[in-house]
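2 protein chains.
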Amino acid sequence: MVKSKRFVFARQFDGPPKESDFELVEEETPELKDGEILVESLFNSVDPYMRLYTRSLSTGITMIGEGCGRVIESKYSDFPVGTVVMHRYGWCTHAVLNAKEQDPQSPIRKAPADYPKDLPLSLLLGAVGMPGMTAYFGLLKLCDPKEGETVFVNGAAGAVGNLVGQIAKIKGCKAVGAAGSDAKVAWLKEIGFDAAFNYKTVSSLDAALKEAAPNGIDCYFDNVGADFTSTVLNHMNQFGRVAICGSISTYNDKDPAGRGPYPFVTILSKQLTVTGFIVLRWFPEWPQGMAQMVQWIKEGKIKHREHVTEGFENMPKAFMGMLVGENTGKAVVKV
Amino acid sequence: MVKSKRFVFARQFDGPPKESDFELVEEETPELKDGEILVESLFNSVDPYMRLYTRSLSTGITMIGEGCGRVIESKYSDFPVGTVVMHRYGWCTHAVLNAKEQDPQSPIRKAPADYPKDLPLSLLLGAVGMPGMTAYFGLLKLCDPKEGETVFVNGAAGAVGNLVGQIAKIKGCKAVGAAGSDAKVAWLKEIGFDAAFNYKTVSSLDAALKEAAPNGIDCYFDNVGADFTSTVLNHMNQFGRVAICGSISTYNDKDPAGRGPYPFVTILSKQLTVTGFIVLRWFPEWPQGMAQMVQWIKEGKIKHREHVTEGFENMPKAFMGMLVGENTGKAVVKV
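Taken in sequence, the protein lines are chains A and B. For the first sequence, UniProt numbering assigns the number 1 to the initial residue and increments by one for each residue that follows. For the second sequence, UniProt numbering assigns the number 1 to the initial residue and increments by one for each residue that follows.
What the hints contain is simulated information worked out from the structure, not anything from laboratory work. Here a beta-carbon is modelled for each residue, glycine too, at the ideal position from N, C-alpha and C. Careful, some of the hints might be misleading.
Said to hold, decoys possible - Chain B is nowhere near these chain A residues, computed Cβ spacing over 10 Å in every case:
1. F79
2. G172
3. S181
4. G258
5. R259
6. V294
7. H307
8. V308
Stated by the list, open to error - Taking lysine to aspartate or glutamate pairs in the DMTMM-like style, the calculated list, with each CA pair at most 25 Å apart, reads:
9. B:K270 - A:D182
10. A:K146 - B:E285
11. A:K210 - B:D255
12. B:K5 - B:E211
13. A:K100 - A:E147
14. B:K3 - B:E31
15. A:K254 - B:D206
16. A:K270 - B:E40
17. B:K270 - A:E299
18. B:K146 - A:D144
19. B:K270 - A:E147
20. A:K317 - A:D182
21. A:K298 - A:E147
22. B:K254 - A:D227
23. A:K254 - B:D227
24. A:K270 - B:D103
25. B:K270 - A:D253
26. A:K141 - B:D144
27. B:K270 - A:E306
28. B:K303 - B:D227
29. B:K254 - A:D206
30. B:K146 - A:E285
31. A:K146 - B:D144
32. A:K334 - A:E26
33. A:K270 - B:D253
34. B:K117 - B:E40
35. A:K270 - B:E285
36. B:K270 - A:D255
37. A:K200 - A:D182
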């Protein structure tokens, strides 16, 4: 018997999430049945999409999210004690998972067998996990950046954005990013962005984009949405490709599909292709993407940075902070 | 010497175009130089895009558009007298064209050598011309409709829309269309649409779409834009494809990029791909597309209908009428 804690999604968020929207529950884990494993969380993830997805979920469930942990008890020989796994069982310190009859929509995955010993396991929630795959597949599959093209990403100092810029550089593109503080902008330049600006302090987004991307934008990886995106569309080149990854600027709105500038005339006149995506669509290809990310990290081509919050109890704080941009790099919680 | 008439784009349109925005000019055609041909118009085209494109043009030019005509004088042996050509020299009864040093952006094309004698030449401005290629390439290249999928098109009784639905049927899809009169709806059903409705008289667009496309929409060919499109997006299936062909509902607005519902969150959550296009991007492939359309017409798989206005002087009227939906099928002017 192990004491396990989890956060329950107790109330639908009304505007920015509050501490009181979560409820911390402590329970004893049940005895394992055949095929089950008990996983102890090492790190849990906080990501922007959680704010959006809870809109369509019932309250009372364990708050959603990825975790990485270690098997500490096992009744399934394929997952012996000590196995490091990634799962999507939400905000918890421990989880009893049926590893034998896996949910194909939410499978438990083992850390790659050749995962380097000197890499932090938390990267399994970052560059080598869901955000890494989001940057990798979203950029390469949907934007298909060509050497010499300009790639623009907003939320560029976030978990996904910084990787988008770094992958763009590997592909021979000009990487341009927008972030919300001067320190973040400095970091983006440090990791190789050709241009970056603090969108909160520029005189206008239009002017900043004109200066940072004077030849126009060919590929736009969008984490922000709404007015920001409508402005960026005006700076895109003919046949530009837009990957809609997130729309964080709208997530706290009563109606994220509120009113703003129509993009259709711009999409038409510039012949843009705009694709929204959820990275699970490429799930069968993740192993290849993860292997590539590990290789780039080992070669020093991808730098990683994490914003680590200590202590499971601080998950709501970490989540709320990430939504207002307190993190540089991937936001994780060390359980 | 031939008396030639042309309409000059005399004033920027303010709202719906008016007769007084055009000026009819009569001139004598100059003597031909080497390499030039004199073309007498048989039919001229009026199309929605003209309303949009004039926004970025200077007044004083010949009003833009396609024509098809016959060479009546020639100083270039490649285009002997009698040759039927399609050109983009605007609203004119005669044009002196340099056939030798062609503008690659606006080439003069000969009618296909094997163009059936029993097909009206006006189809070179319709199903076998620009609107036909718009429907053919826009639907097949961007929506990539699969057998059994639902294809929805608005402006469905227009020059492009009716072909979109008919091509969708050839590809084994369910074709659904919206048009602006009961007579148009009846015609759409006659030519094979599985479902069609009059968007002006339905109780709500939402309800009409739900009824006409109960399994959701996989491919959306958009001629209308704005609020119409935002509503349609809500009825699209996961991984749906949207081809933005036109945005006629906004063309008379002061600012066609005015405010409306944000589509980004829907595009994201449904993982849609939205592509704007101008059919000239596939210009090198037009001969293949035209040959296919001719074949389908000969096989009776594509039906054609035209709304013919008689008399060159009536071009502004035909244009204004087309913009408010007076035409069923392709609107052309018999010069």
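Structure-based check of each hint:
| no. | hint | verdict |
| --- | --- | --- |
| 1 | F79 | 31 Å, holds |
| 2 | G172 | 25 Å, holds |
| 3 | S181 | 24 Å, holds |
| 4 | G258 | 6 Å, violated |
| 5 | R259 | 5 Å, violated |
| 6 | V294 | 27 Å, holds |
| 7 | H307 | 24 Å, holds |
| 8 | V308 | 28 Å, holds |
| 9 | B:K270 - A:D182 | 35 Å, violated |
| 10 | A:K146 - B:E285 | 24 Å, holds |
| 11 | A:K210 - B:D255 | 22 Å, holds |
| 12 | B:K5 - B:E211 | 50 Å, violated |
| 13 | A:K100 - A:E147 | 45 Å, violated |
| 14 | B:K3 - B:E31 | 12 Å, holds |
| 15 | A:K254 - B:D206 | 21 Å, holds |
| 16 | A:K270 - B:E40 | 34 Å, violated |
| 17 | B:K270 - A:E299 | 36 Å, violated |
| 18 | B:K146 - A:D144 | 24 Å, holds |
| 19 | B:K270 - A:E147 | 30 Å, violated |
| 20 | A:K317 - A:D182 | 23 Å, holds |
| 21 | A:K298 - A:E147 | 23 Å, holds |
| 22 | B:K254 - A:D227 | 20 Å, holds |
| 23 | A:K254 - B:D227 | 19 Å, holds |
| 24 | A:K270 - B:D103 | 22 Å, holds |
| 25 | B:K270 - A:D253 | 19 Å, holds |
| 26 | A:K141 - B:D144 | 17 Å, holds |
| 27 | B:K270 - A:E306 | 30 Å, violated |
| 28 | B:K303 - B:D227 | 30 Å, violated |
| 29 | B:K254 - A:D206 | 21 Å, holds |
| 30 | B:K146 - A:E285 | 24 Å, holds |
| 31 | A:K146 - B:D144 | 24 Å, holds |
| 32 | A:K334 - A:E26 | 18 Å, holds |
| 33 | A:K270 - B:D253 | 19 Å, holds |
| 34 | B:K117 - B:E40 | 19 Å, holds |
| 35 | A:K270 - B:E285 | 20 Å, holds |
| 36 | B:K270 - A:D255 | 16 Å, holds |
| 37 | A:K200 - A:D182 | 9 Å, holds |
Hint compliance for this structure: hints 4, 5, 9, 12, 13, 16, 17, 19, 27, 28 are broken, all remaining hints hold.
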